[in-house]
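Asks: Construct the entire structure; sequences and hints are all you get.
Protein chains in written order, with our numbering: chain A, 9 to 263; chain B, 1152 to 1233; chain C, 2 to 115.
Fair warning: there could be bad hints in the mix.
Stated by the list, open to error - On the chain A side, residues computed to face chain B include the following (Cβ under 8 angstroms):
id	residue
1	Val64
2	Gly78
3	Pro149
4	Gly151
5	Phe153
6	Gln154
7	Ile157
8	Val158
9	Ser161
10	Val164
11	Val243
12	Phe247
13	Phe250
14	Leu251
15	Gln253
Stated by the list, open to error - Pair ranges (Cβ atoms, derived):
id	chain 1	residue 1	chain 2	residue 2	range
16	C	Leu5	A	Leu93	37 to 47 angstroms
17	A	Leu93	C	Pro63	47 to 57 angstroms
18	C	Thr112	A	Leu93	17 to 27 angstroms
19	A	Leu19	B	Gly1157	26 to 36 angstroms
20	A	Met181	C	Phe102	24 to 34 angstroms
21	A	Ser27	C	Ile62	35 to 45 angstroms
22	C	Asp106	A	Val92	18 to 28 angstroms
23	A	Val135	C	Asp61	22 to 32 angstroms
24	A	Ser27	C	Pro63	25 to 35 angstroms
25	A	Leu34	C	Lys60	34 to 44 angstroms
26	A	Gln43	C	Glu65	16 to 26 angstroms
27	B	Arg1229	A	Val13	39 to 49 angstroms
28	C	Leu5	A	Ala122	37 to 47 angstroms
As the list claims (entries may be wrong) - Cross-link-like lysine to any residue pairs, in silico, SDA-like; alpha carbons within 25 angstroms at most:
id	chain 1	residue 1	chain 2	residue 2
29	C	Lys60	B	Val1192
30	C	Lys60	B	Ala1196
31	C	Lys100	C	Ala8
Simulated from the structure, these hints should not be mistaken for laboratory data.
All residues carry an ideal CB built from backbone N, CA and C; glycine is no exception.
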Amino acid sequence: MSRRVRSGLFLVAAVVFGSLFIWGLLGLPAFGDYQGPYGIVLEDVAVEERAGVNIVVSTTFDYRGFDTLGEEYILFAAALGAVVLLRQQRGEQKDEEEEQDHPADRQRRDTSDALRLLGLGLVGPLVVLGIYVIVHGALTPGGGFQGGIVLASAFVLVHVAGRYLILKRVRPMPLVEITEAGGAAGFVLIGLGGLIAGSTFLFNFLPLGEPGTLLSAGMIPLLNISVGLEVAGAVVLLFSEFLEQWLLRGRGGDA
Amino acid sequence: MMVLQGVLLVLVAVGGTTVVLVRDPLRQSIVAGVFGLLLGVLFFAFQAPDVALSQIVVGSLVLPAMIVLTLAKLAQLRGLDE
Amino acid sequence: MSFLPYAVAAWLLLIGLYGVVTSRHLVHLIVCLTVVQSSSYVLLLAIGYRTGAEAPIYKDIPPETPVVDPVVQALTLTDVVVEATVATLLLALAVQAQKRFGTVDPDEIATLKG
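Replies: In structure tokens:
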């Protein structure tokens, strides 16, 4: 099927689909006129029942915790798939030369000094910010997913501001893999704790504490930490896999 | 509906159209980063700070970084073939 | 006028699909796919919005104020992170396509055999 036929067919299909879609959307209540019962019930009971002031995080990790388990495993599977896809193929050998640390390379740098200084200066605050966002998930906007990516970005900054070899020394690959797998397993194990405590899977069995303090909302901070570790591990793993590709028969690439 | 939300929605629609119409992938990654930021501000205007935080972090960090790395690897592969 | 968010969601979906169908480069196709994903986020958040309501965090507002729906926000925020990772998986597929077929043009890949 040639391009022109395909584009024409698409335009026809888009017009039909678009009109049906708009007709369906017209049946929704007007923007701002929210009627759903779930949200109205949650806003009344969530703060007393779970002692967490951030209702979105309470919903993600407690009321709908099972959905979050599924989403976390999609992330795990995607990272796994990317690792499998980018593995060393038959016939491609790793350029061992690039792995050595050449003193001549140290002078031949393309990145500016301002970038390197700012990058290295920001790595520490980024790690602290990532841990803060993860642990304060139940109190302020944030949580495991956002904080995990902020943590991973600290490693990306090490690569941008420094050299890939420094990154390799700072993040040994087995540690990254253990972190990611540990985070994914931790979620299930904490959920099983609910079963052991005599109730359902992912039941909030730890003492609830007082809303507004750090040690509140039962097991939600623990779940946040395990999700944060998993997300950080997955993103660093993906990033490293893409960077490793540079070393495969790398020539002329200043990693 | 507030004026701010209306303006941001129109900007998001324009941004989305621009992302599609820019054909060169390297330039498109920059436009996609800006589109991600616009979406994040829109989510703030919809009173959703958690979602906005997710979107800003992901759309301006993870996605452009991965696109640029892929393009670098593709250029390297193509340079070796020719 | 209050139909604008839904119209923007529909527009983003259609323009993203147009980009996917008429793309000449696999990486361009993947970025257009992220535009399609963002239309679903806009639609979800537009459904949950409540006029005059606050963000659903009760730290510093009195416990009786109405808030926007937290359930759609919970769905959307995990969605954003997960779909970025899936887009990365697709980019890895694009790299493999270049290695196997020597091209990243979707039209040419479709006509190659084996």
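Asks: All hints are to be evaluated individually against the structure, with a verdict given for each.
Replies: Against the structure, the hints come out as follows:
1. Val64: holds (5 angstroms)
2. Gly78: violated (17 angstroms)
3. Pro149: OK, holds: Pro149/A within 8 angstroms of chain B, min 4 angstroms.
4. Gly151: Holds. Min distance 7 angstroms.
5. Phe153: holds (6 angstroms)
6. Gln154: Given a least distance of 5 angstroms, the restraint on Gln154/A holds.
7. Ile157: Holds, because the Cβ-Cβ distance from Ile157/A to chain B comes to roughly 5 angstroms (cut-off 8 angstroms).
8. Val158: With a minimum Cβ separation of about 6 angstroms from chain B (threshold 8 angstroms), the hint on Val158/A holds.
9. Ser161: holds (5 angstroms)
10. Val164: Val164/A check passes; min Cβ-Cβ to chain B is 6 angstroms, inside 8 angstroms.
11. Val243: At about 6 angstroms, which falls below the 8 angstroms cut-off, the nearest Cβ of chain B leaves the hint on Val243/A intact, so it holds.
12. Phe247: holds (7 angstroms)
13. Phe250: holds (4 angstroms)
14. Leu251: holds (7 angstroms)
15. Gln253: Hint on Gln253/A: holds, closest Cβ of chain B at ~5 angstroms, below 8 angstroms.
16. Leu5/C - Leu93/A: 37 to 47 angstroms: holds (41 angstroms)
17. Leu93/A - Pro63/C: 47 to 57 angstroms: The hint (47 to 57 angstroms, Cβ to Cβ) holds, given that Leu93/A and Pro63/C are roughly 52 angstroms apart.
18. Thr112/C - Leu93/A: 17 to 27 angstroms: holds (23 angstroms)
19. Leu19/A - Gly1157/B: 26 to 36 angstroms: holds (29 angstroms)
20. Met181/A - Phe102/C: 24 to 34 angstroms: With a Cβ separation near 30 angstroms, Met181/A and Phe102/C satisfy 24 to 34 angstroms, so the hint holds.
21. Ser27/A - Ile62/C: 35 to 45 angstroms: holds (42 angstroms)
22. Asp106/C - Val92/A: 18 to 28 angstroms: Cβ of Asp106/C to Cβ of Val92/A: about 25 angstroms, so the range 18 to 28 angstroms holds.
23. Val135/A - Asp61/C: 22 to 32 angstroms: holds (28 angstroms)
24. Ser27/A - Pro63/C: 25 to 35 angstroms: Distance hint for Ser27/A, Pro63/C is violated at roughly 45 angstroms.
25. Leu34/A - Lys60/C: 34 to 44 angstroms: holds (38 angstroms)
26. Gln43/A - Glu65/C: 16 to 26 angstroms: Once the Cβ atoms are compared, 19 angstroms apart, the range 16 to 26 angstroms for Glu65/C and Gln43/A holds.
27. Arg1229/B - Val13/A: 39 to 49 angstroms: At roughly 29 angstroms between Cβ atoms, Val13/A and Arg1229/B fall outside 39 to 49 angstroms, so the hint is violated.
28. Leu5/C - Ala122/A: 37 to 47 angstroms: With a Cβ separation near 42 angstroms, Leu5/C and Ala122/A satisfy 37 to 47 angstroms, so the hint holds.
29. Lys60/C - Val1192/B: holds (22 angstroms)
30. Lys60/C - Ala1196/B: With Cα atoms ~19 angstroms apart, Lys60/C and Ala1196/B stay inside 25 angstroms; holds.
31. Lys100/C - Ala8/C: violated (41 angstroms)
Comparing the model with each numbered hint stated earlier shows that hints 2, 24, 27 and 31 do not hold.
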